[in-house]
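Please put together the full structure from these sequences, using the hints given.
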Amino acid sequence: MNKLILGNLLHRPLRSLISAFAVAIEVIMILSITAIMLGMLNGSRTQTSGIGMDMITHPGATAALMNTGSANASVKVAARLEELPHVQVAAPVNIKLTMGSSLENIFGIDFKSFNALRPFVFTSGGPFQGPYDVIIDDFQAANGPTYKVGDSIKVLGHPFRISGIFEHGKGARKFIPLDTMDDLDGNPGKASAFYLKTENAPQFQADVRREILATDGMQEYSVQTLDEVLASLTPDKIPAFKVGLEVVIGIAIVIGFLVIFQSMYTAVMERTREIGILKSMGASSAAIVSVVLRETGLLALVGIFIGVGLTYLLRSVLHAKFPTMAFAVTGEWVAYAVLITFVGAIFGALYPALKAARKDPIDALSYE
Numbered sequence: 001m002n003k004l005i006l007g008n009l010l011h012r013p014l015r016s017l018i019s020a021f022a023v024a025i026e027v028i029m030i031l032s033i034t035a036i037m038l039g040m041l042n043g044s045r046t047q048t049s050g051i052g053m054d055m056i057t058h059p060g061a062t063a064a065l066m067n068t069g070s071a072n073a074s075v076k077v078a079a080r081l082e083e084l085p086h087v088q089v090a091a092p093v094n095i096k097l098t099m100g101s102s103l104e105n106i107f108g109i110d111f112k113s114f115n116a117l118r119p120f121v122f123t124s125g126g127p128f129q130g131p132y133d134v135i136i137d138d139f140q141a142a143n144g145p146t147y148k149v150g151d152s153i154k155v156l157g158h159p160f161r162i163s164g165i166f167e168h169g170k171g172a173r174k175f176i177p178l179d180t181m182d183d184l185d186g187n188p189g190k191a192s193a194f195y196l197k198t199e200n201a202p203q204f205q206a207d208v209r210r211e212i213l214a215t216d217g218m219q220e221y222s223v224q225t226l227d228e229v230l231a232s233l234t235p236d237k238i239p240a241f242k243v244g245l246e247v248v249i250g251i252a253i254v255i256g257f258l259v260i261f262q263s264m265y266t267a268v269m270e271r272t273r274e275i276g277i278l279k280s281m282g283a284s285s286a287a288i289v290s291v292v293l294r295e296t297g298l299l300a301l302v303g304i305f306i307g308v309g310l311t312y313l314l315r316s317v318l319h320a321k322f323p324t325m326a327f328a329v330t331g332e333w334v335a336y337a338v339l340i341t342f343v344g345a346i347f348g349a350l351y352p353a354l355k356a357a358r359k360d361p362i363d364a365l366s367y368e
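Numbering (our numbering), first residue to last: 1 to 368.
I should point out that these hints are in silico values taken from the structure, not numbers from a laboratory.
Since no wrong hints were added, every one of them can be taken at face value.
Restricting the straight-line Cα-Cα distance to at most 27 Å, the calculated cross-link-like pairs of lysine-lysine (BS3-like) are:
1. 190 to 76
2. 174 to 148
3. 154 to 321
4. 154 to 174
All figures in this text were calculated on a predicted structure; none of them were measured in a lab.
Given below as structure tokens:
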């Protein structure tokens, strides 16, 4: 039977190859979309952790992605926050999400207070010297067009002079003065959020939250700890992430199912006489089903091996071409992709297998 299965696959090499690559495409679709989306989330978690804050507050409802909010809080709120017990630093920020050649956050900051959260580690240059200065991280400086201190770079459609290059992991790759961000936004003196550094965190965080919400004009503010922010940056807490993931996986499953179904259905129709011979020799219906499903399983395993290999190759290519792009291929999702693809392929072959098992041996032997 094993020789028969292998012979069936080699008898139609092109169809077998196309089927295997269809399975591989299913694996690549599942792994690549999850790698990109998980990479973005993991990157956001890492960058957020590196800011040095342990609490964040901003007007309005809690949002996992801070860049979705507008700058509608007065920067003077920072001074009021620093007057509260156990608050050591309150740094106002204005965050803009830009969609140019890549998707990125631009931070408008008050350098003194933001640096007090956790100091920048400059590899060259230093803080802003003028309103149209920008500081960028070492990844941004080394990849794409390379930059050095004194070079000009476009930010939000305007030319900025690079005053410093710092070690990555501080919330964003580009920082400009908060006043300049507000002027470009046509909204002077405003911030979208305030990063807080509290005394002996997390010991007094509950007290700080109560004090903020008890302050006049801040009763409707959202207050989160760093742990709460990081917990919100997960697939289950971002509906669009989960829906997008389910849609892509669903499309991939349908593609794999239809290709395997068409391939195995055609194979069964072409092998009608062979099936009749097997049944006339005493092969049971279960044995016929086993042959078709084992053949499908072999195709699926070859496709899965190709798909996983090409996904890791794609990761290497993307990392070489776009070093700042996060592409997180995890063992957990590799296992999910393998399971989803293999089960889908078996289900795709189930009806052709049952159809083959139901063939009458006399009709099959007389089939031309």
